[in-house]
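Trainee: Residue numbers (the working numbering), protein chains in the order written: chain A, 1 to 344; chain B, 1 to 261.
Derived by calculation from the structure, the hints in this document are not laboratory data.
Think of the CB as a built atom: it goes at the ideal place given N, C-alpha and C, for glycine as much as any other residue.
There may be inaccurate statements among the hints.
[Claimed, not checked] Not the full set, but computed from the structure, chain A residues with beta-carbon under 10 Å of chain B:
| no. | residue |
| --- | --- |
| 1 | VAL74 |
| 2 | LEU87 |
| 3 | ILE147 |
| 4 | ASP155 |
| 5 | LEU176 |
| 6 | ALA192 |
| 7 | GLU193 |
[Stated by the list, open to error] Pairs of lysine-lysine residues, derived as BS3-like cross-links and limited to a Cα-Cα distance of at most 30 Å, are as follows:
| no. | chain 1 | residue 1 | chain 2 | residue 2 |
| --- | --- | --- | --- | --- |
| 8 | A | LYS66 | B | LYS230 |
| 9 | B | LYS148 | A | LYS53 |
| 10 | A | LYS3 | B | LYS163 |
| 11 | B | LYS160 | A | LYS3 |
| 12 | A | LYS174 | B | LYS230 |
| 13 | A | LYS3 | A | LYS221 |
| 14 | A | LYS148 | B | LYS84 |
| 15 | A | LYS105 | B | LYS163 |
| 16 | A | LYS254 | A | LYS221 |
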Amino acid sequence: MIKISNLWVDCDTFQLQDINLDIPQNEFFVLMGPTGAGKTVLLEALAGLLRIKRGKIVIDGRDVTKAPPEGRGVGIVYQDFALFPHLTVLENIRYGLRFHQIDHKEAGARLSFLLDTLRIDHLGARFPTHLSGGEKQRVALARALIIKPMVLLLDEPLSALDPGFREEIGGLLKALHASSEVTFIMVTHNFAEALSLASRAGVINNGRIEQEGTVTDIFQKPCSLFVANFIGMKNLFPAKFGSEKAYLDGLELKLAGTPINGQSYVAIRPEEIFLNREAPPNKVNSFGGIVSGCIDYGFFSEVQVAVNQLTFKVLITKRTIEAQGIQTGQPAFLSFEPTAVHTL
Amino acid sequence: MSRREPFFWVTVSCSLMIMAFILIPMIYMTTAPSLSDLLAAARDPEVLRSIWLSLYTAGAAAVISFILGTPLAYLLARRNFQGKRLVESIIDLPIVIPHPVVGIAILSATGRDTWLGDACRTLGLQIMGTVTGIIIVLTFVGLPFYLKAAKEGFESISPKLEKVSRSLGASMFGTFLRITFPIAWRSLLVGLILCMARAISEFGAVVVVAYHPMVASVLIYERFEAFGLKYSQPVAVWLVAVCLILFLALRLLTLRRKIEA
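Throw the hints in and build the complete structure from the sequences for me.
Mentor: Quick look at the structure:
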């Protein structure tokens with residue numbers, strides 16, 4: 001269990017403010033946020049690599065706020081791998097063993113398990129410069145895990161990898177997490193990565209935690225405009241609420257429940273809106289508008305539909321656009337389920 | 001840059017001129033003395049003693065720079081602090097001060113009525129006209145070269161490597177010994193070579209502090225003054241040869257290790 005309370009960290013140009021987080025043991029927790037939000041600063045503070053101004057970090061019941069990095073049981077894996085260039089792959093992986101009292105047999109067993117699981121047993125004698133990005137990241141993971149840390153911090157471990165390797169390493173991370181008791185804390189700015197790997201997440205912005213909860217909760221119920229924007233809720237409109245209803249710019253939206261007091265926005269994910277040329281029969285939350293634009297994202301396109309003064313963004317496949325005959329300047333009908341309308 | 005462009009030929013001709021400017025005097029000097037002059041100089045105990053003294057004192061200056069300078073170079077590479085610019089400017093001072101002034105400054109600081117002079121006398125250290133004096137002067141002029149090279153070497157190592165090492169259980173000192181130093185050692189060695197080369201070539205500061213015992217550069221000057229160009233050339237050739245062999249050997253050593261890594 002990691003307990004971070006009222007944590008303040010001052011860097012040269014940046015400040016982490018009043019961070020409070022509880023992360024149970026063996027959880028896969030993701031810290032999300034845009035570049036410069038303070039994700040890496042928080043990781044390095046956890047690892048003891050930055051001076052803490054105020055607050056407390058407790059790992060497994062032990063207050064480590066003032067403990068040096070080597071006395072914390074916290075491993076770290078960086079985006080750019082940070083392999084020791086003058087040591088071979090095997091020497092890199094075994095580096096941490098000498099600082100921990102682990103008997104020979106146990107160390108050997110751990111080493112062969114990691115070499116095997118990460119499929120790097122053939123690379124042992126090579127130097128890091130002769131490895132691909134994916135191989136480097138696997139070596140970095142083995143090096144951090146061989147000493148069985150209580151917590152493994154992963155600083156954007158997938159960002160520097162080619163798409164193929166990214167999926168592979170993502171899968172390995174999942175497998176390693178499942179087969180160990182280590183708590184994984186991963187930093188990313190990619191929400192899709194968080195969704196596929198983690199159970200819980202925190203969204204950090206400007207040195208503060210904006211929202212913390214299960215990944216699905218954050219995905220479906222963002223608590224602020226920032227979080228909604230960050231997770232790709234592209235349809236965000238100010239609204240007034242009645243009983244199970246939202247009113248925005250002349251439209252009446254059916255909701256799945258009555259929003260709580262103080263909420264003033266509705267948010268709809270672009271992939272949860274259907275688009276048709278004809279009005280769908282007997283459908284609640286169905287509105288006619290004019291297609292005002294289309295942005296090509298490769299396999300998908302974002303179609304913009306103007307309804308009164310509002311512009312809805314709809315994410316659909318190119319095939320659907322062709323099959324439906326949707327064209328800019330032509331009328332089209334949007335529809336979405338009441339459960340797709342989130343309030344905040 | 002194509003060969004057809006005039007700019008290309010400007011760069012080539014400037015480069016050739018510089019090569020010639022450096023090499024012609026060297027070639028003339030090294031080919032001027034006859035073989036018998038060279039052999040005679042090599043058998044002259046005064047020449048041998050002075051070249052050995054030059055190497056020995058410059059080597060000692062490099063070792064002192066290494067021991068005292070490495071922690072400072074590391075500090076400058078890794079930490080930002082108030083007054084860092086000032087510290088860096090102070091380090092550069094020995095490069096810009098005229099050489100005889102360095103000698104005079106060191107004699108002034110260790111003179112009869114200074115606390116440093118008193119401390120030296122208590123410790124039995126005499127500066128004027130001694131090997132100790134020569135080593136102090138050479139350290140003064142050579143240190144900035146080592147510090148600069150070492151600092152750049154440390155700066156080129158990602159701090160993340162050190163952070164990972166600490167997270168794996170190594171202390172700060174252990175991390176320095178196992179990670180930082182082994183990666184930076186080539187830069188440190190280059191710094192030591194620069195520092196030693198600078199120290200061997202020093203004349204102005206040494207001559208003020210210690211005319212005797214004579215280092216090679218002082219001996220060359222003395223023979224030039226007393227007996228003329230022809231008599232000083234063989235000593236100069238031997239000094240250049242010894243330095244070249246030494247530095248070439250060190251360079252080869254670093255090159256070979258680089259290939260291994």
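Trainee: Does each hint fit the structure? Answer for all of them.
Mentor: Consistency of the hints with the structure:
1. About 6 Å separates the beta-carbon of VAL74 (chain A) from the nearest beta-carbon of chain B, less than 10 Å, and the hint is met.
2. Because the smallest distance between the Cβ of LEU87 (chain A) and any Cβ of chain B comes to about 9 Å, under 10 Å, the interface hint for this residue holds.
3. About 6 Å separates the beta-carbon of ILE147 (chain A) from the nearest beta-carbon of chain B, less than 10 Å, and the hint is met.
4. At a threshold of 10 Å, the smallest CB-CB gap from ASP155 (chain A) to chain B is about 9 Å, leaving the interface hint in force.
5. The closest approach between the C-beta of LEU176 (chain A) and any C-beta of chain B is roughly 17 Å, which is over the 10 Å cut-off, so the hint fails.
6. At a threshold of 10 Å, the smallest CB-CB gap from ALA192 (chain A) to chain B is about 26 Å, leaving the interface hint violated.
7. Interface restraint check for GLU193 (chain A): the shortest CB-CB distance to chain B comes to about 21 Å, outside 10 Å, so the restraint is violated.
8. Between LYS66 (chain A) and LYS230 (chain B), the direct Cα distance comes to roughly 71 Å. Violation of the 30 Å bound is thereby established for this hinted pair.
9. Distance check on the hinted pair: LYS148 (chain B) and LYS53 (chain A) sit about 34 Å apart at the alpha-carbon level, beyond 30 Å; violated.
10. In summary, the hint linking LYS3 (chain A) to LYS163 (chain B) is supported, as the alpha carbons are separated by about 22 Å, within the 30 Å threshold.
11. Proximity of LYS160 (chain B) to LYS3 (chain A) is assessed by CA-CA distance (about 25 Å); at most 30 Å being required, the pair is judged to hold.
12. Among the hinted pairs, LYS174 (chain A) with LYS230 (chain B) is inconsistent with the structure: their alpha-carbon atoms are about 80 Å apart, more than 30 Å.
13. Using a Cα cut-off of 30 Å, the hinted pair LYS3 (chain A) and LYS221 (chain A) holds, with the two alpha carbons roughly 24 Å apart.
14. Between LYS148 (chain A) and LYS84 (chain B) the alpha-carbon distance is near 40 Å, which puts this suggested pair outside the 30 Å criterion.
15. Proposed proximity of LYS105 (chain A) and LYS163 (chain B) is supported: the alpha carbons are some 28 Å apart, at most 30 Å.
16. In summary, the hint linking LYS254 (chain A) to LYS221 (chain A) is supported, as the alpha carbons are separated by about 17 Å, within the 30 Å threshold.
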